[in-house]
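Relying on the hints, combine the two individually framed chains into one complex.
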Amino acid sequence: MMLSFLLTAALAAPFRYAEDQAPAIVNPLFSTSMSEARLSELVFEGLYTDNPELATTPLLARDLSMNADRTEATVRLREGATWQDGTAITADDVVFSIQAMQNPQTASTEYGRVEWIKKAEALDAGTVKLTFARPEARPEDKLFFKILPKGRFAGTAVKRTDPFRTQPTGSGPFRVDKFNDDGSITLLKNPGYRSSVGLSEIVLREVSDKSYQAKLLIYESLEALVRVLPRDLAVLKNNRRVELYPYQTNSWWYLGFNLGRPTGKDANIRGAIARLVDVQSLLDPVGTGDLLSGPFVPSSPYYNHDVPAWKRDGAKAAELLTAAGYSFAAGKWTKGGKPLSLRVCAHKSLESAQEVAINLQSQLQGEGIEVQVDFLDDATWKSQIWKDRNYDLVLSQWSFDRNEDVREQFHSKGTRNFTGYNNPAVDGLLDKARDALDPQQKKSALREVHRIVHDDAPMVFLWTLDSYSAMSVKVKNVVIHPFYFFTWSRTWTM
Amino acid sequence: MLLFLALGCGGGEPARPPDPLDGGWPQQVAETPLEFESLMAGGAREGWVAFHAADWPTAAEKLDGMGRRRALLELATLEDDLARLSAEVWERAARRWVESAGVPEGSALPVLAALSAYDSADAARGAAWLNQVRGALAPDVAAVAAQLRERGLSEIAGEGLAACLAGHLAARKSASLEPLSACPAGPLVREPAGDHERTLHDPLLARTRAIVHRAQAEAIAIPAEPGLAALLFSGDWTAADRGPNPPTLGLLGLGPLSGPDEVQPARERVRAADARLDAWIEGRTQGADEAEIGVYADLQLLGLYRSHLLVNEARAALLGGRPHQAAATAQLALDAQHGRAIGPLNPPALFAVLAEANLRTGRTREALDSIEVLGGAYPFVQGLDETLSDLVILEGMGRAGDSKE
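Just so you know, the sequences run in chain order A and B. My numbering puts the first residue of the first sequence at 267, with every later residue one more than the last. My numbering puts the first residue of the second sequence at 150, with every later residue one more than the last.
Any given hint could turn out to be false.
To be verified - As a list, the in silico SDA-like pairs of lysine to any residue whose alpha-carbon atoms are at most 25 Å apart:
{"hint": "1", "chain 1": "A", "residue 1": "Lys-614", "chain 2": "A", "residue 2": "Thr-646"}
{"hint": "2", "chain 1": "A", "residue 1": "Lys-742", "chain 2": "B", "residue 2": "Gly-470"}
{"hint": "3", "chain 1": "A", "residue 1": "Lys-742", "chain 2": "B", "residue 2": "Arg-425"}
{"hint": "4", "chain 1": "A", "residue 1": "Lys-742", "chain 2": "B", "residue 2": "Gly-404"}
{"hint": "5", "chain 1": "A", "residue 1": "Lys-740", "chain 2": "B", "residue 2": "Glu-417"}
{"hint": "6", "chain 1": "A", "residue 1": "Lys-476", "chain 2": "A", "residue 2": "Thr-452"}
{"hint": "7", "chain 1": "A", "residue 1": "Lys-698", "chain 2": "A", "residue 2": "Thr-452"}
{"hint": "8", "chain 1": "A", "residue 1": "Lys-740", "chain 2": "A", "residue 2": "Tyr-459"}
{"hint": "9", "chain 1": "A", "residue 1": "Lys-698", "chain 2": "B", "residue 2": "Arg-244"}
{"hint": "10", "chain 1": "A", "residue 1": "Lys-679", "chain 2": "B", "residue 2": "Gly-550"}
{"hint": "11", "chain 1": "A", "residue 1": "Lys-679", "chain 2": "B", "residue 2": "Met-546"}
{"hint": "12", "chain 1": "A", "residue 1": "Lys-698", "chain 2": "B", "residue 2": "Ala-379"}
{"hint": "13", "chain 1": "A", "residue 1": "Lys-740", "chain 2": "B", "residue 2": "Glu-411"}
{"hint": "14", "chain 1": "A", "residue 1": "Lys-614", "chain 2": "A", "residue 2": "Thr-529"}
{"hint": "15", "chain 1": "B", "residue 1": "Lys-211", "chain 2": "B", "residue 2": "Glu-411"}
{"hint": "16", "chain 1": "A", "residue 1": "Lys-698", "chain 2": "A", "residue 2": "Gly-686"}
{"hint": "17", "chain 1": "A", "residue 1": "Lys-395", "chain 2": "A", "residue 2": "Thr-422"}
{"hint": "18", "chain 1": "A", "residue 1": "Lys-698", "chain 2": "B", "residue 2": "Ala-250"}
{"hint": "19", "chain 1": "A", "residue 1": "Lys-455", "chain 2": "A", "residue 2": "Thr-323"}
{"hint": "20", "chain 1": "A", "residue 1": "Lys-577", "chain 2": "A", "residue 2": "Pro-551"}
{"hint": "21", "chain 1": "A", "residue 1": "Lys-740", "chain 2": "B", "residue 2": "Arg-425"}
{"hint": "22", "chain 1": "A", "residue 1": "Lys-742", "chain 2": "B", "residue 2": "Gly-550"}
{"hint": "23", "chain 1": "A", "residue 1": "Lys-679", "chain 2": "A", "residue 2": "Thr-646"}
{"hint": "24", "chain 1": "A", "residue 1": "Lys-742", "chain 2": "B", "residue 2": "Gly-511"}
{"hint": "25", "chain 1": "A", "residue 1": "Lys-742", "chain 2": "A", "residue 2": "Arg-460"}
{"hint": "26", "chain 1": "A", "residue 1": "Lys-742", "chain 2": "B", "residue 2": "Ser-407"}
{"hint": "27", "chain 1": "A", "residue 1": "Lys-577", "chain 2": "B", "residue 2": "Arg-489"}
{"hint": "28", "chain 1": "A", "residue 1": "Lys-385", "chain 2": "B", "residue 2": "Gly-547"}
{"hint": "29", "chain 1": "A", "residue 1": "Lys-740", "chain 2": "B", "residue 2": "Asp-423"}
{"hint": "30", "chain 1": "A", "residue 1": "Lys-742", "chain 2": "B", "residue 2": "Gly-469"}
{"hint": "31", "chain 1": "A", "residue 1": "Lys-582", "chain 2": "A", "residue 2": "Gln-629"}
{"hint": "32", "chain 1": "A", "residue 1": "Lys-455", "chain 2": "A", "residue 2": "Ala-278"}
{"hint": "33", "chain 1": "A", "residue 1": "Lys-740", "chain 2": "B", "residue 2": "Gln-413"}
{"hint": "34", "chain 1": "A", "residue 1": "Lys-740", "chain 2": "B", "residue 2": "Pro-409"}
Hints listed in this document are in silico derivations from the structure and should not be mistaken for laboratory results.
Isolated chain B (complex conformation) (with noise of 0.2 Å):
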């Protein structure tokens, strides 16, 4: 935090051999620290600080322009990474559910989890729930399953269920989120199941607040030089890697991964990788003034893009359908000394890819673990939270637990 008052006392250039990897944000911050601080320069300080932090909702109210844009698509980028945990944990807990004890009559369940197959582009899926209601449905219930039957979710109008859906739909089409205010604030549906209330969450929530902020944030114009704050404390080392082929990948021996979806292969990548970042900052620090080391370390620089790369890397493995070396991927990303905290090294997407990776090898419960961590700082993930504890429990019902000192 000092570093952040304290930087443009940077002295001038050693000799140091040219590397590949040379010209990084890294290094502009440090050995150009003029352009560093003109971006803290009117009152853009604090949201950098958030930034820096991975607090992207503070940073998206605390910066303008191109600082407000990324800290905005950092939020899309985390909800979009929630809304596809969130679609594949209704599906399993659903299914899970309807095989351990049916299908509750009277129940939402077979419903909601319509919603979230349609809103995940499964239309198949969603009326295949809606074929495993049981029994009369609550009014308002029973009216959203009629319009998803008869056009899915694009159109949704009513009361109660209906008016949450509803406003849904407006927030995305409107990059608000004041429509969501039809929703209620705890659980969509509240069912009495005999000596308990049965609650289920909104399967919608992550997708549409992804759509919103990822609409406001395309809504801001990319200066025509953003220079840093394109990049500052991102995952992407220069300019050109928010391109195709980033070329930093290839120096890192990252990117695309290939072969059978095995951990040791990625342990190995992010060790090489690892291995070219510490050559390479022992050689920018060589010979360096103390300021300048000073500034790559107490800003955690390189600790900081290897996370968010890392992060980068364990989603591309997911989407390519590769869930142990994205587990793998974040296990490594992870800073496990503040291993239950979001900060500079764990950026909240880290856990959302975590769970997801932990989810898609079977370890459900650990999965709990990462999402335990986001529910604090998110308050809408709670919903995910009690879904996946659902699902957690249903997975183990009938097993015999074991325990010991």
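Bound-form chain A, shown alone (with noise of 0.2 Å):
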């Protein structure tokens, strides 16, 4: 008896992750942290996704036919496939995800997932038929952002603050159960799911204190970790009931300045504060990464290792800051009157991130620079840094899927672009490298990006971490995605 109940609350146990924030809404045409686009990958599905060899396969979709020059696809939908409420999966569901992402006045995070589709239409329930700007070789690639249901919403000009982000509605294996109000967000198997799922329950614990997070895992109060500490990997590596993952997701770590404001906007400055800043020592408490030189991880086929990380060089930023204008007298660098100040802000969920502020933060009080440190709660994040720009510096972390692709963030029409970067040559090399056939041109392309952009200094480039995730042995037959971690979590089992 005593057994049968210990098994049963065994099979029904929660599998319980850490993030260091839980996601405020659940709305993939707003997502922009990985947090989110982990929850995304429970709840919603995409017309084709990765298999476990990472070779695109059909999800939602059932096959796709081309016309002769390859300027449109006719994609069937898989039959069958249902809502999360039950409702048929339809062509018009698929049309009003395109439209709403293209949308302006949506101002969806995910508008350059969609920029080379021109038209999408229904031709029937389960047919679409997209038509593009350019031709394309295997459009299914590109095909993997997430499909909503149209019915859930009024139009395709779609608010952030749309009921939605709290009740969502998918296709995924996991449906949103509740918010709770400790943070946690339950997730329950979707019933209706065309195949089996081997979790009953998910539960996305938000613990903010990092540190804290290792030894929730040890005492088995949670059965995964998606971000390890570096410094808590000696402890984990040892444990016999946890298992290291590597997850790697092409990530770095920068100092962002915003080009539109007067301090941004001043090659001399930004010069001169690349030049301040001792990236080492804001490393050394972190844990041992790689210092970098530009926007990609060292290991990546864009990586220009020509191009030297900038070292502290007093003298020389001293020489930028003079020939900004700025005099430095009594420990302090002003122009006009006024101290050079700025405004750092930092993500509170970013790990280590305020160990990292304080001690940017002192550096650059000590070269008699004034500094306010902010750590903005997510709503704040996106409102001031993404939507108003109200910062001067950012102390942020971007991470990329296997392709890499920095064009959101460094073309002046870049989505992610919120530090206002805009050279027309990056632009050039930006199209140049999307439109390359020859793989040596694009890496070739993206190796001189890289050069300019570390010249231009839109962004002090810090450095990356090795990533790994925690899990209990009790979870069986896991394979995590690169980037998105739970594509493969239906088979999962506990």
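The following block contains the structure:
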């Protein structure tokens, strides 16, 4: 009797994983963070996805056919696929999702992923015709964006505040059950999912104190940590009830200037700050990592190893600040009687951000620059950084899938270019890289982007860290997606 | 490092229950330090320190006899792993290139793909690649193509590319890397390609080096009683494990895999082996004196044995056509705390095997992470790194990238 009770309890036990901050909203139209992307992967599906060999495979699509000049594709949808409320997924949903991402009033952060689609139309309930801006060799490789139910929205101009954000309806293997008072989110197995799902319940636990996450895993209060702090690797690797999984998301840290403000606009000031920051001493408390000179990780095909990282050079920095019209007196840099002052913002959930930001503040203040540090919650971050651009310098991190496409960050029209960087030469190189068919032409163009972006310094590129996830050995058949993490979670069991 | 200097103070043998795992080289090092000390004598200490750190080139340079032989064999094994990887990368990259953009006019690309195929003893595939040549080749490349068509890779003569290939063949025959001086230091072929220069790297390099280092190793006689030098810091627990049906693998629940190529059984095997080793070390160190416990811990003897053992297991899984299980095993072998560095717990072959397992399971971008680690210590890997990066780009051609904060 007791054994049966324990067995039942074990079977029903939730899979609990930790994020530094739980997403406040669940809507792929506005997904900007890795925690949102991971959650979306559990709830929503695209027309295509990666199979475990990372080859493109149909998900909500059944198949795709092209016209002769490859400017149009007809996508037939999987038969019998339904939303989590039981209604059928139709071509109208696909057309709606594309149009919502493209609608300027939505201001979707995913616009760049559908920019290449000129027109989407439903031919019948199960067939969509896509017309492209240019010929496409393999459009299915770009049809990974999430499909949303048209019926849940009033129109294609979707607001972040739409009620969908806390009551989403997807088609994935899990559905959002509730947002809990402790900041956690409970997901339950989608009972109508078309194939078997191994886990019955998933709980996303917000554990903002990252140093506490490893303890929770060791004490079996969690089944998974998405990202292990470098300093916790030693204790976790020696724990036989835990396994580490590489989760390299091609991530790099940076200090990004606001190029719309006088301090960021002036190349001399940017160059001076790049030379005043002792990056290695910022990194030391965080862990071991590689210092960077540009917007790629060193193992990237696009990393330009001929470009050295900025080195601390106080004399050159002083020369540049003087050229920018500042003078140094009584331990402060001033111009027209006003001190050189920066507001540095970091997201509250960024691991070790507090240590890094305070250390940065101390370094710059020691050099005569006033620094105010603000740690922003998710809503404030999105409003002040992404929307209003109310900052001088951000401390943040970008993570990239295996394509390491920095176009959205550095193209003047990029949807993630909140620094306001605009260099026609870089735009041209990014366009060339996007259109190249010769891999070495693409490599050459992006290595040149690395060089120019380093020299222009819209960002001070900091470091990349080794990244691992940790999982209880209770969880079986785990294969994690190198970017979205949960793509194959359907087959995980406990 | 300190312990390399301080061994020799082992105490008397406390009473411990016998264990079938008793008698391995870690136990010899910890419990009979005199033999270990004698190995360090005569200026060999530096070489064994390098061997412990999996720095094979330095170990081969500093050691004599059995130690040098083993360091050269480790080097050859690593290079064999890289040669296998290189052949796979070349075939995939050239195929993807042709699918994506077609064979560039006058390019040596199909000739180098053919060379890689011939070097993998696949003459049919080599000939098929030669048939893909478009337009007029550079004279030295055309000469190589003609000779390959005529007699494969058995004999090549001429200038430029042909001279380098002749150097490879001479190196393989003479067991010396000296003839490779006929090859350029950087890319093997440079071609103008519009607004950039196309560079193609040597597909034969890893195999030539493997053949040379293996021949150099095998020229060193094995002493009649090699003792600890034959096993120290290896993935073979005892001398018997060097033969067929290694007994320790059986005791640890490792050895040939069966069933489908799934990750879960591979992980559970490693976990079971870890539990067995944990139990053994607990038994050995219970009641042992501090010096003995210190030797196990400070020289990371068990960890070092485990990592080499698991690399061998992962390689066997790869050779047995089980890339998922190879990847799972290699990941569990990796010392994540120092995941970007070669060292006692992360021998270089771990990164080569992990790269191949990643490549064969579709994780081409992750394979680059491993190769990047090797490139620092083994400069000849940089050409493979570039070819692999071409493949990564080709596989992502036309894809929409995603990025998040």
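Results of checking the hints against the structure:
no., hint, verdict
1, A:Lys-614 with A:Thr-646, "10 Å, holds"
2, A:Lys-742 with B:Gly-470, "22 Å, holds"
3, A:Lys-742 with B:Arg-425, "21 Å, holds"
4, A:Lys-742 with B:Gly-404, "22 Å, holds"
5, A:Lys-740 with B:Glu-417, "11 Å, holds"
6, A:Lys-476 with A:Thr-452, "20 Å, holds"
7, A:Lys-698 with A:Thr-452, "44 Å, violated"
8, A:Lys-740 with A:Tyr-459, "24 Å, holds"
9, A:Lys-698 with B:Arg-244, "23 Å, holds"
10, A:Lys-679 with B:Gly-550, "16 Å, holds"
11, A:Lys-679 with B:Met-546, "21 Å, holds"
12, A:Lys-698 with B:Ala-379, "56 Å, violated"
13, A:Lys-740 with B:Glu-411, "17 Å, holds"
14, A:Lys-614 with A:Thr-529, "24 Å, holds"
15, B:Lys-211 with B:Glu-411, "42 Å, violated"
16, A:Lys-698 with A:Gly-686, "21 Å, holds"
17, A:Lys-395 with A:Thr-422, "18 Å, holds"
18, A:Lys-698 with B:Ala-250, "15 Å, holds"
19, A:Lys-455 with A:Thr-323, "23 Å, holds"
20, A:Lys-577 with A:Pro-551, "19 Å, holds"
21, A:Lys-740 with B:Arg-425, "19 Å, holds"
22, A:Lys-742 with B:Gly-550, "30 Å, violated"
23, A:Lys-679 with A:Thr-646, "23 Å, holds"
24, A:Lys-742 with B:Gly-511, "21 Å, holds"
25, A:Lys-742 with A:Arg-460, "21 Å, holds"
26, A:Lys-742 with B:Ser-407, "19 Å, holds"
27, A:Lys-577 with B:Arg-489, "23 Å, holds"
28, A:Lys-385 with B:Gly-547, "19 Å, holds"
29, A:Lys-740 with B:Asp-423, "16 Å, holds"
30, A:Lys-742 with B:Gly-469, "23 Å, holds"
31, A:Lys-582 with A:Gln-629, "16 Å, holds"
32, A:Lys-455 with A:Ala-278, "11 Å, holds"
33, A:Lys-740 with B:Gln-413, "11 Å, holds"
34, A:Lys-740 with B:Pro-409, "21 Å, holds"
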